[in-house]
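Counting in our numbering, the sequence shown runs from 1 upward without gaps.
Bear in mind the hints are in silico, worked out from the structure with no lab data behind them. A virtual CB, placed ideally from N, CA and C, is assigned to each residue, including glycine. Be a bit skeptical, because a hint or two may be false.
The calculated lysine-lysine pairs, modelled on DSSO-like cross-linking and capped at a C-alpha distance of 27 Å, are [what the hints assert, rightly or not]: (1) LYS313 <-> LYS44; (2) LYS205 <-> LYS312; (3) LYS34 <-> LYS201; (4) LYS312 <-> LYS44; (5) LYS205 <-> LYS34; (6) LYS34 <-> LYS219; (7) LYS34 <-> LYS220; (8) LYS312 <-> LYS234; (9) LYS220 <-> LYS44; (10) LYS234 <-> LYS219; (11) LYS205 <-> LYS219; (12) LYS313 <-> LYS234; (13) LYS34 <-> LYS44; (14) LYS219 <-> LYS313; (15) LYS220 <-> LYS234; (16) LYS312 <-> LYS34; (17) LYS205 <-> LYS220; (18) LYS205 <-> LYS313; (19) LYS312 <-> LYS219; (20) LYS220 <-> LYS313; (21) LYS201 <-> LYS44.
Label pairs and their in silico Cβ distance ranges [stated by the list, open to error]: (22) LYS34 <-> HIS260: 33 to 41 Å; (23) ARG154 <-> LYS34: 33 to 41 Å; (24) ILE249 <-> LEU89: 25 to 33 Å; (25) PRO279 <-> ASN122: 48 to 56 Å; (26) THR181 <-> LYS34: 13 to 21 Å; (27) PRO48 <-> GLY287: 20 to 28 Å; (28) SER195 <-> ARG388: 14 to 22 Å.
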Amino acid sequence: MFIMLQIIFSATLSLLLIGCGLTYGLCRTWSFRKLSRLMRRQAKEALPFVVPTAGIVNSPIAPRAIRPELSVVIATENDDWWIERHLPLWLQQQTTFPFEIVVADASDHEDETRNIVQRLQNEHPNLRYTFVPQTHRNLHPRKLALTLGVRSARAPWAVIVTPQSTPASPHWLQRMHQQCTEECDLVLGYVEATSDWEQPKAQLKSMEWQASNFRLWLKKHPAGCEASNVALRKSWAIQQGLFTDSLDIPFGECALLVSHASTERVGFALHPEAFVQQPLPDEPLAGAALRCEERTLRRRLSQRGIHPLRCKKVASTVLYFGLVLFLGTVGFRTFQSWPEANAWFNDTITPLPFVPYEHWQILWDILPTLSFLLLIIQPWCSRRRIRRLFTDSPA
Numbered sequence: 001m002f003i004m005l006q007i008i009f010s011a012t013l014s015l016l017l018i019g020c021g022l023t024y025g026l027c028r029t030w031s032f033r034k035l036s037r038l039m040r041r042q043a044k045e046a047l048p049f050v051v052p053t054a055g056i057v058n059s060p061i062a063p064r065a066i067r068p069e070l071s072v073v074i075a076t077e078n079d080d081w082w083i084e085r086h087l088p089l090w091l092q093q094q095t096t097f098p099f100e101i102v103v104a105d106a107s108d109h110e111d112e113t114r115n116i117v118q119r120l121q122n123e124h125p126n127l128r129y130t131f132v133p134q135t136h137r138n139l140h141p142r143k144l145a146l147t148l149g150v151r152s153a154r155a156p157w158a159v160i161v162t163p164q165s166t167p168a169s170p171h172w173l174q175r176m177h178q179q180c181t182e183e184c185d186l187v188l189g190y191v192e193a194t195s196d197w198e199q200p201k202a203q204l205k206s207m208e209w210q211a212s213n214f215r216l217w218l219k220k221h222p223a224g225c226e227a228s229n230v231a232l233r234k235s236w237a238i239q240q241g242l243f244t245d246s247l248d249i250p251f252g253e254c255a256l257l258v259s260h261a262s263t264e265r266v267g268f269a270l271h272p273e274a275f276v277q278q279p280l281p282d283e284p285l286a287g288a289a290l291r292c293e294e295r296t297l298r299r300r301l302s303q304r305g306i307h308p309l310r311c312k313k314v315a316s317t318v319l320y321f322g323l324v325l326f327l328g329t330v331g332f333r334t335f336q337s338w339p340e341a342n343a344w345f346n347d348t349i350t351p352l353p354f355v356p357y358e359h360w361q362i363l364w365d366i367l368p369t370l371s372f373l374l375l376i377i378q379p380w381c382s383r384r385r386i387r388r389l390f391t392d393s394p395a
């Protein structure tokens, strides 16, 4: 009878731990399979022949009369340091179609953005400049600049990037253009978080957030996005009121706008050449401010029923439950197999329902132990899977 109870107990514990491991795997480790297949398929897509000039088609100089097919909108607010270093990289994009760069400036008088743009306009006729007048800055200046930049874009598509970000490839815009089809109102790209010093936790957190949003979109559920590498059909964006949903906060404009999009009309630009790189804040105060913004944005999205990290929370709860269950069983087995501990437990707390058993009988617990190992390796497998999504080179 005692042996039968041992078998039943071990089998029940094993099933519970296996269930926890499978639940964690379904929520985290194996839940990005559709996203992984999409990224592998896009990685194999070939580019058309790209001329070595930037946004110029069969002409040494692109006349301003030519209507661009894509407008890259960069909203700045005292970002002259970033503009001077990164704007040439956006201008050097190699495409088979005309495009324009729109710098929408909300800086003060001491900022050098205007002078930098004017100097580059002599060499790049597809570079345009607009600004927010000082008398119209009753709201967040950068958000006003972004609204002005999208409205002044001459192309039917506006690609929003930040001054801090850089394209991962000179073919970035060509890759984005591949996904801007008639079937889409919105195209989302990946923003790679970079840092001059190791910040693996923050980089993984960025990957998890974006992968979770992509997964929701692919499952036909509304989700959010990053503030950069987002292509909007101009007519659709204006119809939605642009960024009126986020006028009370200085961030989150893209995520709150795209949450209105139809899930049937969302595209993805996930080829490695379509990535955009953006540095993480190096200063502790800036990092703390960024985390506070992320929490506020998640709360705003949750008010609309958008929970990109819900699966992660479920998986973490299941993991902790399995850990507590296993540790509790280990403690119980200790009191069963250690005579002194068994006697103390019987005398001090309550008599154990099972009689003490020999050490060799712990072999019955090998199966629960193996099941527990399946559970505790799931977080490592999940992190490895997410990193491989965005770091593997194309096949």
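Do the hints match the structure? See the list:
no.: 1; hint: LYS313 <-> LYS44; in the structure: 34 Å, violated
no.: 2; hint: LYS205 <-> LYS312; in the structure: 11 Å, holds
no.: 3; hint: LYS34 <-> LYS201; in the structure: 25 Å, holds
no.: 4; hint: LYS312 <-> LYS44; in the structure: 30 Å, violated
no.: 5; hint: LYS205 <-> LYS34; in the structure: 20 Å, holds
no.: 6; hint: LYS34 <-> LYS219; in the structure: 9 Å, holds
no.: 7; hint: LYS34 <-> LYS220; in the structure: 12 Å, holds
no.: 8; hint: LYS312 <-> LYS234; in the structure: 34 Å, violated
no.: 9; hint: LYS220 <-> LYS44; in the structure: 24 Å, holds
no.: 10; hint: LYS234 <-> LYS219; in the structure: 25 Å, holds
no.: 11; hint: LYS205 <-> LYS219; in the structure: 21 Å, holds
no.: 12; hint: LYS313 <-> LYS234; in the structure: 36 Å, violated
no.: 13; hint: LYS34 <-> LYS44; in the structure: 16 Å, holds
no.: 14; hint: LYS219 <-> LYS313; in the structure: 18 Å, holds
no.: 15; hint: LYS220 <-> LYS234; in the structure: 22 Å, holds
no.: 16; hint: LYS312 <-> LYS34; in the structure: 17 Å, holds
no.: 17; hint: LYS205 <-> LYS220; in the structure: 23 Å, holds
no.: 18; hint: LYS205 <-> LYS313; in the structure: 14 Å, holds
no.: 19; hint: LYS312 <-> LYS219; in the structure: 16 Å, holds
no.: 20; hint: LYS220 <-> LYS313; in the structure: 21 Å, holds
no.: 21; hint: LYS201 <-> LYS44; in the structure: 30 Å, violated
no.: 22; hint: LYS34 <-> HIS260: 33 to 41 Å; in the structure: 23 Å, violated
no.: 23; hint: ARG154 <-> LYS34: 33 to 41 Å; in the structure: 36 Å, holds
no.: 24; hint: ILE249 <-> LEU89: 25 to 33 Å; in the structure: 29 Å, holds
no.: 25; hint: PRO279 <-> ASN122: 48 to 56 Å; in the structure: 29 Å, violated
no.: 26; hint: THR181 <-> LYS34: 13 to 21 Å; in the structure: 20 Å, holds
no.: 27; hint: PRO48 <-> GLY287: 20 to 28 Å; in the structure: 41 Å, violated
no.: 28; hint: SER195 <-> ARG388: 14 to 22 Å; in the structure: 20 Å, holds
Checked against the numbered hints listed earlier, the structure breaks hints 1, 4, 8, 12, 21, 22, 25, 27; every other hint is satisfied.
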